[in-house]
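Chemist: Work the whole structure out from these sequences, hints included.
Sequence lines, in order, name chains V and H.
What the first sequence shows, in the UniProt record's numbering, is residues 1 to 394, in sequence order.
What the second sequence shows, in the UniProt record's numbering, is residues 1 to 352, in sequence order.
Don't take every hint at face value.
Unchecked claim - Taking lysine-lysine pairs in the DSS-like style, the calculated list, with each CA pair at most 27 Å apart, reads:
| no. | chain 1 | residue 1 | chain 2 | residue 2 |
| --- | --- | --- | --- | --- |
| 1 | V | K232 | V | K354 |
| 2 | H | K152 | V | K200 |
| 3 | V | K354 | H | K311 |
| 4 | H | K66 | H | K26 |
| 5 | V | K40 | H | K111 |
| 6 | H | K311 | V | K356 |
| 7 | V | K40 | H | K26 |
| 8 | H | K291 | V | K366 |
| 9 | H | K79 | V | K119 |
| 10 | V | K172 | V | K99 |
| 11 | V | K44 | H | K152 |
| 12 | H | K111 | V | K121 |
| 13 | H | K64 | H | K6 |
| 14 | H | K311 | V | K366 |
| 15 | H | K152 | V | K121 |
| 16 | H | K152 | V | K90 |
| 17 | H | K211 | H | K291 |
| 18 | V | K40 | V | K90 |
| 19 | H | K336 | V | K356 |
| 20 | V | K44 | H | K111 |
| 21 | V | K40 | H | K152 |
| 22 | V | K366 | H | K325 |
| 23 | H | K336 | H | K325 |
| 24 | H | K66 | H | K111 |
| 25 | H | K111 | V | K99 |
| 26 | H | K152 | V | K99 |
| 27 | H | K111 | V | K90 |
| 28 | H | K124 | V | K40 |
Claimed, not checked - In silico negatives: residues of chain V with every beta carbon more than 10 Å from chain H:
| no. | residue |
| --- | --- |
| 29 | I128 |
| 30 | S213 |
| 31 | E228 |
| 32 | L349 |
| 33 | S362 |
Calculated from the structure, these hints are not laboratory results.
Beta carbons: idealized from backbone N, C-alpha and C, even for Gly.
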Amino acid sequence: MASNFFDLKKRKEAAAASGSSSKQKAQAQAADRPVPWVEKYRPKTLSDVTAQDHTISVLRRTLQSSNLPHMLFYGPPGTGKTSTILALAKELYGPELVKTRVLELNASDERGISIVREKVKNFAKIAISTATASNASKYPCPPYKIIILDEADSMTQDAQSALRRTMETYSKITRFCLICNYVTRIIDPLASRCSKFRFKPLDEGNAKVRLSSIALSEGVRYQEGVIEALIKFADGDLRKAITFLQSAARLHGAVKVKGSGEGSGGGDDDMDVDGAKGGEITVRSIEEIAGVIPEKTIDSLMESMEPRPHGQAVYTLVAAVVQDIVADGWSAAQVLLQLYQRLVFSDMLTGDQKNKIVGIFSEIDKRLVDGADEHLVTLDMSLRVAAVLGNPGS
Amino acid sequence: MLFVDKHRPKTLDTLTYHSELSSRLKSLANGDFPHLLVYGPSGAGKKTRIIATLKELYGNGVEKIKIDSRVFTTTSNRKLEFNIVASIYHLEITPSDVGNYDRVVIQDLLKEVAQTQQVDLSAKQRFKVVVINEADHLSRDAQAALRRTMEKYSPNLRLILLANSTANIIAPIRSRTLLVRVAAPTVDEIVDVLKNVGRLERLDVKEGLCKRIATESGRNLRRALLMFEAVYAQNETVKDSTPLPPPDWEALISQIADEIMAEHTPARILQVRGKLYDLLTHCIPPTVILKTLTFKLIPKIDDALKADVIKWSAFYEHRLHLGNKPIFHLEAFVAKFLRVLESWLMDVDYDF
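Modeler: See below:
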């Protein structure tokens with residue numbers, strides 16, 4: 001009932017758009033609404049962006065000289081590309097002006113050639129809105145607009161070509177920022193018009209600081225080693241790490257529920273007194289969320305692939321283990337990854353064997369991406385690897 | 001009504017196995033619900049769990065389902081008919097139905113859903129849920145379209161993606177969702193379910209039979225239940241030793257396997273070809289045919305050949321996905337199999 005009441009009220013307020021105090025209340029309520037931590041802790045200013053020191057320092061300089069080149073951000077997912085440009089836009093224009101000066105288009109918007117010709121071009125053409133005095137005093141408000149093309153690598157070649165001339169013609173009043181994962185998918189003429197910024201995967205130290213600070217401000221309790229595990233499984237992708245952390249916190253109820261009063265707080269304390277570990281995130285639960293296969297399962301697969309004496313075939317054993325892995329729903333790609341980590345860094349194998357094994361892995365990976373049947377592929381991989389293991393080479 | 005539907009658990013509390021997972025889903029539904037990516041083999045109970053979770057989220061309202069047919073227009077003005085299963089709280093879509101145009105559906109539909117608020121003010125949650133079936137068959141473009149939508153509209157929209165494997169889901173989506181693995185039930189768990197259903201249906205349940213069905217089903221609960229029902233429908237009295245009739249397509253495949261083993265000539269390939277065509281025209285997916293055939297052939301051949309046969313089977317299965325005429329690849333596999341077998345036999349002959 002309570003939520004209904006607020007809903008109605010909020011709507012009326014929106015309609016009336018008066019009474020600043022009630023507006024604040026509505027905002028407070030909006031803040032109460034659960035937000036993914038990824039959004040909640042998205043850097044608000046350039047200096048908040050973790051790592052990427054080089055890029056940030058360059059951008060900071062452009063911020064002072066208020067002359068911005070066209071930009072191309074590229075790098076693996078979760079390294080802060082979108083966050084950086086959004087933070088930059090906010091610092092340049094302030095929250096008010098951002099709405100009129102920045103156009104954000106991403107792959108969820110239609111971005112065929114027609115959109116580039118119409119929407120982008122039209123936005124690029126518009127004369128710059130004037131900054132109010134209050135805005136101008138607080139923010140640099142440089143005399144150009146920014147068009148952000150997020151996930152630009154999923155734009156078609158044609159659409160990209162259509163951008164070329166647009167970028168130059170309106171360069172006086174518009175700056176483009178292309179964001180992509182793979183710089184190779186951006187056509188050369190576009191890439192050469194932009195100054196490129198590479199976003200590198202987050203190093204352990206920075207990621208650790210960031211994760212710990214989020215955990216602290218959300219009041220998450222975790223066992224030792226959890227942060228390290230998060231970083232390991234996220235592979236330099238901070239967004240992934242934060243999502244994992246939030247998911248784990250939800251599953252374990254390790255977060256103090258805010259705003260629901262003393263009751264829940266008391267409950268938490270009780271658990272502590274009981275010494276129960278219910279409220280703590282464990283390394284195992286992180287593994288489960290990340291979809292990492294337990295070491296034991298991989299061990300049994302490795303064992304089944306060991307060469308047998310007397311030329312006994314390994315088929316039956318391997319087939320049984322693979323059957324179980326598939327039935328348990330482990331993803332074949334994950335099997336591949338973990339097996340790779342085991343085998344390639346193993347001291348027991350000769351260089352020749354490793355060569356062959358890596359060759360097998362690359363082929364299997366391609367097949368998985370093409371959507372081949374996981375069971376057959378995993379079985380084939382295991383048998384072929386087993387054959388290599390059984391034959392130390394000449 | 002089939003047993004499978006009749007005895008499908010409706011709430012999270014009545015789910016029998018994976019109780020830990022059920023309690024997790026429950027705590028998620030009662031707290032802050034994230035985007036989910038549910039994956040696991042077929043017949044493991046993914047869908048059942050999701051429906052139960054939805055019920056936990058919204059109450060009984062989700063069971064009132066209507067089917068909508070919507071028309072979407074692509075940029076090239078092609079009209080797409082698309083079916084949506086919806087309650088007032090959630091939508092269920094299978095975008096792979098429209099093949100390469102799934103991106104259009106995802107973009108239009110999700111935005112439309114995301115931009116409207118929950119209509120029912122007494123709803124427990126402020127967001128709507130969109131369940132996307134067969135998410136692993138979504139095209140790259142469609143998945144890319146999901147990325148920002150998931151973040152931007154998260155106050156009004158939660159996604160539940162259902163997939164058989166995570167291999168085809170692009171990394172950005174994986175990093176935005178909570179991965180939930182639903183493992184297939186173990187044989188014992190299936191036996192328990194079967195006994196339970198038998199009791200509810202007042203059937204004379206035989207332990208041994210249940211066990212055999214469970215093993216035979218390959219840890220696929222849906223299949224086990226269907227087999228269970230078939231056995232009781234076909235036989236007046238059921239004993240532990242009652243034979244389990246395989247589905248007719250499977251019988252045909254094992255017949256093919258026998259024929260291949262019996263004679264290794266091009267003439268035989270031609271004969272087999274007719275049967276393969278038969279299977280294809282009855283809409284048995286080519287992957288299933290190839291896989292079943294392989295696993296029927298494997299026990300019949302020498303250990304030394306098994307690895308090789310699997311290798312070629314995987315090879316042609318991959319080709320199946322790249323090409324678009326399944327019969328070529330099925331035949332090629334049969335031919336290859338015969339060649340492998342024959343050359344091995346010849347080698348043995350020479351050795352003598």
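Chemist: Against this structure, judge whether each hint is valid.
Modeler: Here's how the hints hold up against the structure:
1. As the CA atoms of K232 (chain V) and K354 (chain V) are separated by approximately 24 Å, the hinted pair is consistent with the 27 Å bound.
2. This hinted pair checks out: K152 (chain H) and K200 (chain V) have alpha carbons roughly 25 Å apart, not beyond 27 Å.
3. A distance of roughly 19 Å separates the Cα atoms of K354 (chain V) and K311 (chain H); the hinted pair therefore holds under the 27 Å criterion.
4. Proximity of K66 (chain H) to K26 (chain H) is assessed by CA-CA distance (about 26 Å); at most 27 Å being required, the pair is judged to hold.
5. Proposed proximity of K40 (chain V) and K111 (chain H) is supported: the alpha carbons are some 22 Å apart, at most 27 Å.
6. Only pairs whose Cα atoms come within 27 Å are accepted, and K311 (chain H) paired with K356 (chain V) is accepted, the gap being roughly 15 Å.
7. For a cut-off of 27 Å, the pair hint linking K40 (chain V) to K26 (chain H) stands: about 24 Å separates their Cα positions.
8. Of the pairs offered as hints, the one joining K291 (chain H) and K366 (chain V) holds, with about 19 Å between alpha carbons and a cut-off of 27 Å not exceeded.
9. This hinted pair checks out: K79 (chain H) and K119 (chain V) have alpha carbons roughly 24 Å apart, not beyond 27 Å.
10. Between the alpha carbons of K172 (chain V) and K99 (chain V) the distance comes to roughly 20 Å, so the proposed pair stays at or under 27 Å and holds.
11. Under the criterion of a C-alpha separation no larger than 27 Å, the hint pairing K44 (chain V) with K152 (chain H) is consistent with the structure, at around 16 Å.
12. Annotation: proposed proximity of K111 (chain H) to K121 (chain V) holds, straight-line Cα distance about 23 Å (limit 27 Å).
13. Simply put, K64 (chain H) and K6 (chain H) have alpha-carbon atoms about 17 Å apart, close enough for the 27 Å limit, and the pair holds.
14. At roughly 15 Å between alpha-carbon atoms, K311 (chain H) and K366 (chain V) fall within 27 Å of each other, so this suggested pair holds.
15. This hinted pair checks out: K152 (chain H) and K121 (chain V) have alpha carbons roughly 24 Å apart, not beyond 27 Å.
16. Between K152 (chain H) and K90 (chain V) the CA atoms are separated by roughly 17 Å; this keeps the pair inside 27 Å, and the hint holds.
17. Only pairs whose Cα atoms come within 27 Å are accepted, and K211 (chain H) paired with K291 (chain H) is accepted, the gap being roughly 24 Å.
18. For the proposed pair K40 (chain V) and K90 (chain V), the alpha carbon gap of about 16 Å is at most 27 Å, so the pair holds.
19. Our distance criterion of 27 Å between C-alpha atoms is met by K336 (chain H) and K356 (chain V), whose separation comes to about 24 Å.
20. Proximity of K44 (chain V) to K111 (chain H) is assessed by CA-CA distance (about 26 Å); at most 27 Å being required, the pair is judged to hold.
21. This hinted pair checks out: K40 (chain V) and K152 (chain H) have alpha carbons roughly 12 Å apart, not beyond 27 Å.
22. Distance check on the hinted pair: K366 (chain V) and K325 (chain H) sit about 20 Å apart at the alpha-carbon level, within 27 Å; holds.
23. Distance check on the hinted pair: K336 (chain H) and K325 (chain H) sit about 17 Å apart at the alpha-carbon level, within 27 Å; holds.
24. Distance restraint check for K66 (chain H) and K111 (chain H): the Cα-Cα separation of roughly 20 Å lies within the 27 Å cut-off, and the hinted pair is therefore satisfied.
25. With a CA separation close to 20 Å, the supplied pair K111 (chain H) and K99 (chain V) stays within the 27 Å bound.
26. Under the criterion of a C-alpha separation no larger than 27 Å, the hint pairing K152 (chain H) with K99 (chain V) is consistent with the structure, at around 15 Å.
27. A threshold of 27 Å between alpha carbons decides the hint, and for K111 (chain H) with K90 (chain V) the separation of about 25 Å falls inside it, so the pair holds.
28. For the hint linking K124 (chain H) to K40 (chain V), the alpha-carbon distance of about 23 Å falls within 27 Å, and the restraint holds.
29. The beta carbon of I128 (chain V) sits about 26 Å from the closest Cβ of chain H, which is more than 10 Å, so the claim that it is off the interface holds.
30. With a closest Cβ-Cβ approach of about 20 Å to chain H, S213 (chain V) is found to remain outside the 10 Å limit, as its non-interface label requires.
31. Even its closest Cβ contact with chain H, about 19 Å, leaves E228 (chain V) beyond 10 Å, as expected for a residue assigned away from the interface.
32. Chain H leaves L349 (chain V) outside its interface by the beta-carbon criterion, the shortest separation being 19 Å against a cut-off of 10 Å.
33. Every C-beta of chain H lies more than 10 Å from that of S362 (chain V), the closest at about 13 Å, which supports listing it as non-interface.
Checked against the numbered hints given earlier, this structure breaks none of them.
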